[in-house]
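Student: Chain by chain, the residues:
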Amino acid sequence: MADYSIVGRPVDRRDAVQKVTGRVLHVGNMEPAGLLHVAVLRSPHPHARIVRIDKSRAEAAPGVAAVLTGADIAAMPGITPYHGPAFADQPVLAIDRVRHEGEQVVAVAAESRRAAEEALELVEVEYEPLPVVLDVLDAIKPDAPIVHDEIRPSGAFADLAHVKAGERSNICYHYKLRKGDVDKAFAEADRIFEDVFTAPPAQHVPMEAHVSLAYVDEGGRINIHTASQSPSFVRGELARMLGVPMNRIRVRVPYLGGGYGAKLYNKLEPIVALLAMKTGRPVKYSLSREEEFQTVTKHGVVVKLKTAVKGSAMTARKCEVYWDTGAFAEIGPRIVHKSGYTSSGPYKIPNVSIDSYCVYTNKPPAGPFRGFGVPQVIWAYDSQMDIVARGLGADPVEFRLEHALEEGDLFVTGTPIHACGLKEAVRRAADAVGWDQPKAPASGSKRRGKGIACGVKAVLTPSISGAIVILNADGSANVLSSTVEMGQGSESLLAQIAAEELGMPFDRVHVVQPDTDVTPYDTISAGSRSTYHMGNAVRMAAAKVKEELFQAVAGKLEIDAADLESRDGRVFVRGAEERGMTVTEAFLAKFGSLGTTMVGEGLCQPVVTPMDPETGMSEKCTEYWFASASAVEVEVDTETGRLEVLQFHAAGDAGTAINPKYCEQQLVGAATMHLGLTLFEQMVFQDGQLLNGSLLDYQIASIKDVPAACHPIVVEVPHKDGPFGAKGIGETGALTVAAAVANALEDAVGVRVRDIPLTAERIHEALKAARKVNGGT
Amino acid sequence: MERNISLTVNGRQRELEVNDADTLLEVLRDGLKLWSVREACGVGACGSCTVLLDGRPVSACFLLAARLDGRSVETVEGLAGDDALHPIQQAFLENDAAQCGYCTPGFIMAAKALLEEHGDPTDDQIRDYLSGNLCRCGGYPNIMRAVRAAAARTSDR
Ligand code: FES
Ligand code: FES
Numbered sequence: 001m002a003d004y005s006i007v008g009r010p011v012d013r014r015d016a017v018q019k020v021t022g023r024v025l026h027v028g029n030m031e032p033a034g035l036l037h038v039a040v041l042r043s044p045h046p047h048a049r050i051v052r053i054d055k056s057r058a059e060a061a062p063g064v065a066a067v068l069t070g071a072d073i074a075a076m077p078g079i080t081p082y083h084g085p086a087f088a089d090q091p092v093l094a095i096d097r098v099r100h101e102g103e104q105v106v107a108v109a110a111e112s113r114r115a116a117e118e119a120l121e122l123v124e125v126e127y128e129p130l131p132v133v134l135d136v137l138d139a140i141k142p143d144a145p146i147v148h149d150e151i152r153p154s155g156a157f158a159d160l161a162h163v164k165a166g167e168r169s170n171i172c173y174h175y176k177l178r179k180g181d182v183d184k185a186f187a188e189a190d191r192i193f194e195d196v197f198t199a200p201p202a203q204h205v206p207m208e209a210h211v212s213l214a215y216v217d218e219g220g221r222i223n224i225h226t227a228s229q230s231p232s233f234v235r236g237e238l239a240r241m242l243g244v245p246m247n248r249i250r251v252r253v254p255y256l257g258g259g260y261g262a263k264l265y266n267k268l269e270p271i272v273a274l275l276a277m278k279t280g281r282p283v284k285y286s287l288s289r290e291e292e293f294q295t296v297t298k299h300g301v302v303v304k305l306k307t308a309v310k311g312s313a314m315t316a317r318k319c320e321v322y323w324d325t326g327a328f329a330e331i332g333p334r335i336v337h338k339s340g341y342t343s344s345g346p347y348k349i350p351n352v353s354i355d356s357y358c359v360y361t362n363k364p365p366a367g368p369f370r371g372f373g374v375p376q377v378i379w380a381y382d383s384q385m386d387i388v389a390r391g392l393g394a395d396p397v398e399f400r401l402e403h404a405l406e407e408g409d410l411f412v413t414g415t416p417i418h419a420c421g422l423k424e425a426v427r428r429a430a431d432a433v434g435w436d437q438p439k440a441p442a443s444g445s446k447r448r449g450k451g452i453a454c455g456v457k458a459v460l461t462p463s464i465s466g467a468i469v470i471l472n473a474d475g476s477a478n479v480l481s482s483t484v485e486m487g488q489g490s491e492s493l494l495a496q497i498a499a500e501e502l503g504m505p506f507d508r509v510h511v512v513q514p515d516t517d518v519t520p521y522d523t524i525s526a527g528s529r530s531t532y533h534m535g536n537a538v539r540m541a542a543a544k545v546k547e548e549l550f551q552a553v554a555g556k557l558e559i560d561a562a563d564l565e566s567r568d569g570r571v572f573v574r575g576a577e578e579r580g581m582t583v584t585e586a587f588l589a590k591f592g593s594l595g596t597t598m599v600g601e602g603l604c605q606p607v608v609t610p611m612d613p614e615t616g617m618s619e620k621c622t623e624y625w626f627a628s629a630s631a632v633e634v635e636v637d638t639e640t641g642r643l644e645v646l647q648f649h650a651a652g653d654a655g656t657a658i659n660p661k662y663c664e665q666q667l668v669g670a671a672t673m674h675l676g677l678t679l680f681e682q683m684v685f686q687d688g689q690l691l692n693g694s695l696l697d698y699q700i701a702s703i704k705d706v707p708a709a710c711h712p713i714v715v716e717v718p719h720k721d722g723p724f725g726a727k728g729i730g731e732t733g734a735l736t737v738a739a740a741v742a743n744a745l746e747d748a749v750g751v752r753v754r755d756i757p758l759t760a761e762r763i764h765e766a767l768k769a770a771r772k773v774n775g776g777t
Numbered sequence: 001m002e003r004n005i006s007l008t009v010n011g012r013q014r015e016l017e018v019n020d021a022d023t024l025l026e027v028l029r030d031g032l033k034l035w036s037v038r039e040a041c042g043v044g045a046c047g048s049c050t051v052l053l054d055g056r057p058v059s060a061c062f063l064l065a066a067r068l069d070g071r072s073v074e075t076v077e078g079l080a081g082d083d084a085l086h087p088i089q090q091a092f093l094e095n096d097a098a099q100c101g102y103c104t105p106g107f108i109m110a111a112k113a114l115l116e117e118h119g120d121p122t123d124d125q126i127r128d129y130l131s132g133n134l135c136r137c138g139g140y141p142n143i144m145r146a147v148r149a150a151a152a153r154t155s156d157r
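In order, the protein sequences belong to chains A and B.
For the first sequence, this note's numbering assigns the number 1 to the initial residue and increments by one for each residue that follows.
For the second sequence, this note's numbering assigns the number 1 to the initial residue and increments by one for each residue that follows.
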């Protein structure tokens, strides 16, 4: 590895002291004078017409400052009451109709949360229930109840420009890929494997629930403090909804208590902004955990896969993916598109057809979730990889390695693969779990097995990150970036990148928290994109500052700037360290004064070649690839169906690990989260009502669910255009967990389960069914 | 109904007026601005709001303040001195046990109670004791290391 001074070093987080002392600032601790608190009345019906709302008694209740309905908002002059990143299909508060249980209907702002909640009890709403559609496959039937009669385009993002409003149908987006001749390959196949896999809606569960605060300042500008992963989006969307210029809105984001995709796009911001405008006072809305369950979910899916094999090669694959996006599209179409095109896997298969559908139902809206839909498609295709390998009598690891794409190969979309350490990830994960070691013998009713799975994700492209670096005359620097620190360590990582490029000490670089008045546009803090995109932007900005600095020194020393170098806050002649000066001296040389700054700006904006709408082909559909592999060992109790994970190895390609510690934490953290999703997490609905909408009933992974042997494996295949070769790794550990565990389950007890979560009940059922087939009891 | 209670909070006695419906969490956060005490579930299931009540770890979201007259409460704000972190905080810091850090105060208080009960806990004891605290960032291996390190540090002294 190149000789870097701070890149590649496991420096501690900037925010560690604040976090262990609990002093860290969250939106929840902000209490401007005169603060009002919000409570929201939500729909008890999954689908109904709103016949009448009477809010007069609530308005008269003690401590109540304002009561707002969807009709009130629609009647405000100049206000657009709908929003959404793909379609403007979601009203801030329901208008005429509610489309899922828990949809927001009436909002109250009052002196205290309790006063607001008490006022809600005085609101009367009369509903007329409508037919409900809940199952994603029912929703695409011709006679299904229609969730949205019309779909308004949004236009917020360039990569969704091709998303067209659908017809009168619950399918709001369809992605299609056609490569080769699938029918012919199936006709000529030796064997055909056909499977249906499902994954349920689930929850992000950031420990900090959504919270937003708004006030109108003395100059009439709207100020928002919000726990959001997308401050730039929030500003733009609010400006559009409120009909004001973007610079009349200021969005600031402090530290987040986790995000995982839940806190993207607009959530509570429109409600608090409108209530602040109406009351003239600061307004805060903090969701309860129960409300969190009704706000955003992980997409449930049904994935149908059909694979043709001739000899020992896979010759064709047909993928149909149905995504349950709930009552509002949210970012569903982008997920259906970006994950859709990877749903045949990173394998050499000459003939492929993919159809990926985004489908409305009367459930809470599904949005981005760590992995952006890719965990769902890998769950399917890498379960099937094992089924095929076993069916052919091949070793699952070898079978993957034989079929895996490598450097320069074309992905199914026609885009060449670059810097994708897939094979290395598979090999290292397999070695770590002891793939070649003999299986542990059975003990009593317990059986052990090992499983592997791999897959890739394509980074969201196009997207944009801008950054500004300011060098102060004393050699300290400020980095202006809209990347949100939510636990991933971006703040410290961006400081490492700026410090490396400038040649300044790490502790002299301060990263400014997102503030749309000063930090430039950034698409989102999500999708494992910040290290690459914002990292590149920060590096470019720092390089520009360095150039100015070097020019100043070169002028004074009368040498060529190209012969200069900087380290530890000093600029000097390469090879003659004594000839040089400090930053302060350079400022004096250039400006004759210290009262100034050197400023550089950087912009990272990777582009794509648009996909052919009929074939889905594109010479460049993404900027880079993340490779992931998981290897696990499990123990299954054949009497109870209980599955315990004994070893877990999460491998992922980081490009270059700017900070190895953070990369390891991301791999383990993502894998742990997805272990919960694999083994027990699911939102359970009955007639459209959520049955387990609290943490008493919805279990996530605790310290007891993580095996003592839980190891990250950071693969490093540098990317030619990444900052110091880096890519990103926030989601990589999440991608392949479910399939690896299901594959280990089959290895242990010979049954294949195609639905997650892999609960003891499900495994027990599968074992029972297998015994029946085998003629046992 | 409002009533007056006396509560010792981080060593300082407080006379407080509380409503019968107020939870300890509401009193600590809204009343006393002890922001380390955080709600994440509101039903006693996640450990985010863990504080020590007379030395025992409890979920502040799940206790009514009005019933706590005369009791003593400790939060993370009571741990660090002016210039030094508590050994458990130091161990969490050195072992990178805080990512987003939202769950961290709850874990630290639970760990404090654990180490007061078992000076040199086994890994299983740590797991048992901390199984009521959830970390969605999935930092459990580092939290384990931090608690082991804190145990070594406190038993050394
Ligand atoms: S908030 Fe109290 S236990 Fe979860
Ligand atoms: S560090 Fe984020 S929840 Fe634990």
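Treat the hints as calculated values from the structure; they're not laboratory data.
You may find that some hints are simply not true.
Stated by the list, open to error - List time: in silico EDC-like cross-link candidates among lysine to aspartate or glutamate, alpha-carbon distance up to 16 Å:
hint, chain 1, residue 1, chain 2, residue 2
1, A, Lys704, B, Asp124
2, A, Lys544, A, Glu565
3, A, Lys306, A, Glu320
4, A, Lys661, B, Glu94
5, A, Lys704, B, Asp128
6, A, Lys306, A, Glu124
7, A, Lys704, B, Asp123
8, B, Lys33, A, Asp190
Computed from a prediction, not measured in an experiment: that's the story for all the values here.
Student: If you check each hint against the structure, which ones fail?
Tutor: 6 and 8
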